[in-house]
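Undergrad: Given next are the chains, with one letter for each unit.
2 protein chains.
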Amino acid sequence: MTEKLFVRIVRKFESKRSNGKMQNCEEQKYGIRKLEISDKGKGFIELLQQLSVCDSVSDKEFEDRFRELSAVGDDHVIGVIEDEASGKIIATGSVFIEKKFMRNCGKVGHIEDVVVDSSARGKHLGKRIINFLTEHARSMGCYKVILDCSVENKAFYEKCGFQQKSVQMALYFADH
Amino acid sequence: MTEKLFVRIVRKFESKRSNGKMQNCEEQKYGIRKLEISDKGKGFIELLQQLSVCDSVSDKEFEDRFRELSAVGDDHVIGVIEDEASGKIIATGSVFIEKKFMRNCGKVGHIEDVVVDSSARGKHLGKRIINFLTEHARSMGCYKVILDCSVENKAFYEKCGFQQKSVQMALYFADH
Chain A
1 MTEKLFVRIV
11 RKFESKRSNG
21 KMQNCEEQKY
31 GIRKLEISDK
41 GKGFIELLQQ
51 LSVCDSVSDK
61 EFEDRFRELS
71 AVGDDHVIGV
81 IEDEASGKII
91 ATGSVFIEKK
101 FMRNCGKVGH
111 IEDVVVDSSA
121 RGKHLGKRII
131 NFLTEHARSM
141 GCYKVILDCS
151 VENKAFYEKC
161 GFQQKSVQMA
171 LYFADH
Chain B
1 MTEKLFVRIV
11 RKFESKRSNG
21 KMQNCEEQKY
31 GIRKLEISDK
41 GKGFIELLQQ
51 LSVCDSVSDK
61 EFEDRFRELS
71 AVGDDHVIGV
81 IEDEASGKII
91 ATGSVFIEKK
101 FMRNCGKVGH
111 IEDVVVDSSA
121 RGKHLGKRII
131 NFLTEHARSM
141 GCYKVILDCS
151 VENKAFYEKC
161 GFQQKSVQMA
171 LYFADH
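So the protein lines, in turn, are chains A and B.
Using the UniProt record's numbering, you'd call the opening residue of the first sequence number 1 and step up by one each time.
Using the UniProt record's numbering, you'd call the opening residue of the second sequence number 1 and step up by one each time.
What the hints contain is simulated information worked out from the structure, not anything from laboratory work.
This list has only true hints and no planted wrong ones.
Put simply, identical chains are the same to the list, so a pair is met inside one copy or across any two.
Under the rule of at most 27 Å between Cα atoms (straight-line distance), these lysine-lysine pairs were calculated in the BS3-like manner:
1) K40 to K107
2) K154 to K165
3) K60 to K144
4) K99 to K127
5) K99 to K42
6) K88 to K42
7) K127 to K165
8) K99 to K165
9) K60 to K99
10) K34 to K88
11) K107 to K165
12) K99 to K40
13) K40 to K144
14) K99 to K88
15) K107 to K88
16) K42 to K107
17) K34 to K99
18) K123 to K34
19) K123 to K40
20) K60 to K40
21) K107 to K159
22) K107 to K144
23) K34 to K154
24) K60 to K107
25) K60 to K34
26) K40 to K127
Bound-form chain A, shown alone:
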């Protein structure tokens, strides 16, 4: 091996290692994990407010719902990304597993309530949340994972591997 070639190989190796380190560093900085009961104090509810109405959840209501969801274990998982620097939850999304008779007693993952903090956009946190939830659905034996989104967000989900399948219909109850 010539010295020139050896230097090129070493440089390439070091560059790869350095890229890997940077990626690890990013992933450590924005670690993804399941929701914890202490996350209410880390701005989890305020984050949800960026997506829809969520302006009056008491500590008791939060804890009751947390325990209710924990009781079903892997059938309902909420992923969060915490910014280690600020100690704030800056991205979240949930997936729950529907058990069917259809598709030979198949299972479907339903992704809901995906939101990234407005100050933390452009860091691919949304994609990491979707990957986390999708992989959970796959590991649970689902034959598909589905979600509903606005037409504006279609392109993002297409980048995550999703395709438009049908239309979503909703009926709102007036008394809520």
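Once you have looked at the hints, place chain B on chain A.
TA: Frame of chain A, contents of chain B only:
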């Protein structure tokens, strides 16, 4: 009161009673109820096949899934309509209740797997199934009920009170 008026009132009353009886009769003929474990023998799985793949569900698989769903009680309900004359299940649909943090710890009903036997169309059985599932979601305190459908079926769900809200995206896992 003149005799003529009296006769008119009596006729109107009898006509109403007779209409009511006919309606009751139809409702008795096509009674709606929750899925029972004996419904596999009444063509429930064959009915699902009219909607999507469902060609190999053993008795044990059916019973296991039935018990799994029964364990969550009102959080997952499957409605069926049985034709009393033939003893066959001719319409079905399911609804499960998603518990959120969003919308102040709100709940959402998800309607899935609605199908009416091809030989029983035109009897408004689909609408009765949807009403049954929607009313269940309302009684469970949901703030909305949602479903995904093809563009062709939009008009039917609009007649049931639904409106298009967004688009449904799906990701299928190759290993299923």
